[in-house]
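Could you build the full structure based on these sequences and the hints that come with them?
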Amino acid sequence: MTQVPESTVFDADIHAKATEIIGRYPEARSALLPMLHLVQSVQGYVSQEGISFCAEKLDLTDAEVSAVATFYTMYKRKPCGEHLVSVCTNTLCAAMGGDAIYKKLQDHLGENGTPLGHEETAGTPGETGSITLEHAECLAACDLAPVLQVNYEYFDNQTEQSAVELVDALRKGERPQPTRGASLTDLKSVELQLAGFFPEDEQFATDVDGPSAAEETLRGAKLAQERGWVAPAMRDEETR
Amino acid sequence: MTIAPENTETEVPEGHVKLVVDGEEVIAPEGELLIRTAERLGTVIPRFCDHPLLDPAGACRQCLVEVEMNGRPMPKPQASCTMTVADGMVVKTQKSSRVAEKAQEGVMELLLINHPLDCPICDKGGECPLQNQAMAHGRSTSRFVDTKRTFPKPISISTQVLLDRERCVLCQRCTRFSDQIAGDPFIDLLERGVHQQIGTAETADIHNSASHTSSGTPFQSYFSGNTIQICPVGALTSAAYRFRSRPFDLVSSPSVCEHCSSGCALRTDFRRGKVMRRLAGDDPDVNEEWSCDKGRFAFRYAAAKDRIRKPMVRDESGELVEASWTEALRRAADALVAARESNGAGVLTGGRLTVEDAYAYTKFARITLRSNDIDFRARPHSAEELDFLASSVVGTTPEHVSYASLEKASAVLCVAFEPEDESPIVFLRLRKAARDKGTKVFHIGQWTTSSVRKTFGELLACEPGGEAAAVDGIAEHAKDLDAALSSDDAVVLVGDRAAEVPGLFGAVTRLAERTGTRVAWVPRRAGERGALEAGAVPTLLPGGAPVSDASARATLETSWGLDSGTMPAEPGRDTAAMLAAAASGELDALVVGGVDPDDLPDPAAAREALANVGFVLSLEMRPSAVTEHADVVLPIAPVDEKTGTFLDWEGRVRPFSITLEGTGALPDCRVLDTLAVEMDADLFTQTAQAAWSDFSRSRVVSAHQGSNPDQHSRPAASTPDTPDGTVRLATWRQLIDNGSLQVEEPHLAGTARDAVLRMSAATAERHGVTRGERATISTERGALTLPVEFTDLPDDVVWAPARSPESIRSVLGAGHGASVALSGGAR
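From first to last, the protein sequence lines stand for chains A and B.
Mapping the first sequence onto numbering that gives the first Met the number 0, position 33 (from 1) lands on 32, and the numbers just tick up by one.
Mapping the second sequence onto numbering that gives the first Met the number 0, position 709 (from 1) lands on 708, and the numbers just tick up by one.
Some chain A residues well away from chain B (every beta-carbon gap over 12 Å; in silico): (1) G22; (2) D98; (3) G116; (4) E126; (5) E164; (6) S182; (7) L191; (8) F196; (9) R218.
Derived BS3-like pairs: lysine-lysine, alpha-carbon spacing no greater than 30 Å straight-line: (10) B/K152 to A/K77; (11) A/K102 to A/K77; (12) B/K147 to A/K77.
Here are some chain A residues the structure puts well away from chain B; computed CB gaps all over 12 Å: (13) D142; (14) T158; (15) D167; (16) E173; (17) K187; (18) T205; (19) V207; (20) A212; (21) G219; (22) Q224; (23) E225; (24) W228; (25) A232.
Because the hints were derived from the structure by calculation, they are not lab data.
Where a beta carbon is used, it is the ideal one built from N, C-alpha and C, also for glycine.
Written out as structure tokens, the structure reads:
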């Protein structure tokens, strides 16, 4: 069996949390995705140690864990900033200004005339005000396009101007309130939530339980209702 | 006049379905894959990921066909390697469907987009499924005009397997083999989309922080070479063979592996008198299409620079000098005749001989030396073992226990046997049985080894030396195992380490009689089973009849053309006794064929015996600890340069013929035959063929085989208490270690498992050993220091590999079950 060197990175609390995650599933290996979020909540990325930690806990090989960690874009393989800024550049957001926002942020956060690349960090990873920038596939908010996320919390209807103001605030260590959902924390805290461990305060519960449909979300449905539009009936199976 | 009924409907047997493939009606067993059904009709659908011994994957999409179900065509072409037959299905392959043909061309074009056109320098070029199928099923030209994706090349995923990622078509045969067949998922698909690639934890692009203590595991598997062979493109290549030759320059010769008793069919490829590589042969009854890395890569010993090619004799100054065959044979004959007429000569044959060679040694001892002092067991052995071999092993064939019976067994119990290290193909079959057929595999051993884990097995842990008591305790303490063993198809496998445990063979025999289970013996070396059958033991004649049986001797005297009563009637000495007699002057000469003293129960005593005995004749390939003391050295041929037969652990006959002809190297049987002539005796073993036919004609089957009253009365020895401060040693050999047939192959050596000292955390604490440091085990004879690894061993037991890096018996003078001192704190 592969012997994992005694890790100084993952403390007793993380070991306990890992055990709790594994306990949620009938098969240990099913726990791999939340486990990877758990190790990401400690280091801000998935390291070789994190991979070995998961492999050891789930009786997998490092290769099997690496395969999963390198497949999903949500697992970062180098140290990230305090915040992760994801700009949607899928078709609708791109057309509505997402591409321009992404380019603007790249230039704005870059140094010495070199734009910041995908999954690159402005500032020193881990330090207050550091930002990792990425372009993201569909963030499921086309109605509010163009959107970006900070630590997966939404900032809707963005412009180049508002996006720059947002990252400038983050760089200064401020935590602007997202358009909806919970208050902004940092990437590591959110990773812990993704692993299935939520803050217990009431404010958090109220924030995440709030309404998720915006004015724009329902605009089409409202219009259809006013005008009496209905979707055509499903075609009969036989006529296909 | 009767008119035959018009009904031409073919009857569909139970469990079968009827479908139409390319307009032809065909009956197929339920669950058959379309690609196989087409194959049976003679239509080869192109494929890369499909492999009959791997689970279906549908990864490469090359095998698309058109399928119609219930009169309705499926909307898109379907992968015939994952779709099973169904009643009323209509299938059109590329033979009858332009849609299927075009789909296959399209997939091929896609696969070739990023595939480099480096066939002229690729190892696979000339035997490449991609090359061949692109010619047969692809478009003549590519429409792709852009730059191909490239990767840095090659990356080494272990010391012996290299990966050229741009050649890979992502069929996942390698990852599926490693996961499903070998149980070593150290290689996997990394990244996604256009970046998708095969890799290991080491090659994965993951930031390595400064605090990090170890990088990921490389592709460490005893079976990794198979991935090179089944790779349908040139993505995986062998470090040892890369760029060495082209397939069309090679001559292939079927061969049989000389390493362990698995008996693998191999294919040896040579060019201009030199073996370039070995591949697994295809033998469904034995190794299926697999081989272990040792069998595949460890063949360079035969081409070693220091190979002995001429006879040598020791001159007056004590130096070994080359001599003519006539002189060397004369010297040996004179000395052996003198020894025979005085105190006698003993024969140590080693476990690596073919049946023919072992038989020649047997005849040489009995006829020329007039002695039963012959033993093939160049390893720890016991009288109990010999009794067991005589009563339960000799004469058995695959009808008794075979690979197929392992696969069919409801339960298999491994006793003092570590399948993955000692007989890797038995291990693969056990894993297959457990994985696919639900066979329960039990292991009586010391810790949860990889063999236990990968056969989904259950460990019955006992102290080393306590195996006999554990077997006797099954009825009381392991009722589920006891019940499982009572079923008709259960099997018990005993390894050759059992000889180191007093009373174990008796316990196994009692277990077999009580439960009715069949017992098979799986020795480590390829030649052991054949040598037993050939009578290269002190108590048995060829065929297994006891030496003490006068009528058996008389029969043999007749077939060997000897005068009545000339065969020695007294059982001879075993290996240890011969060495002791040689050391004390009770034997005047030793004839030694392929024995490494470090393998013997007491290497120091063996060296002393070799140094002290009057005359040593060594039949060897390379200089060894025996040739150091030899008075005459006669060169003999390695397997590639001779014809012969091995008997595998099942008792299956594994004949092979010469691969490299005309090297002038002579097999042992020929050398002994000529030597015997010098001593006025005829062995009739000039060639392997002659030796085999003489053996077949002369074997005398034991009259009272299958019962051995001695075994029952032998009680299971209770393990003696370990003196204060000492621990009990468990040890066996790892597959890849410093064995003499593994020389000159650094790539293989790089995949050997680490030599570590294993113990439980409690044992470590008690003896002042801390995790991560090295610890020392010692006896009065010497000490061995190794890194420590915590394992689930019983308390006060340590495990160490028997010959990696050093022979534990040489260093400590102790083996499995011995008491050794344990101390920590070593740097």
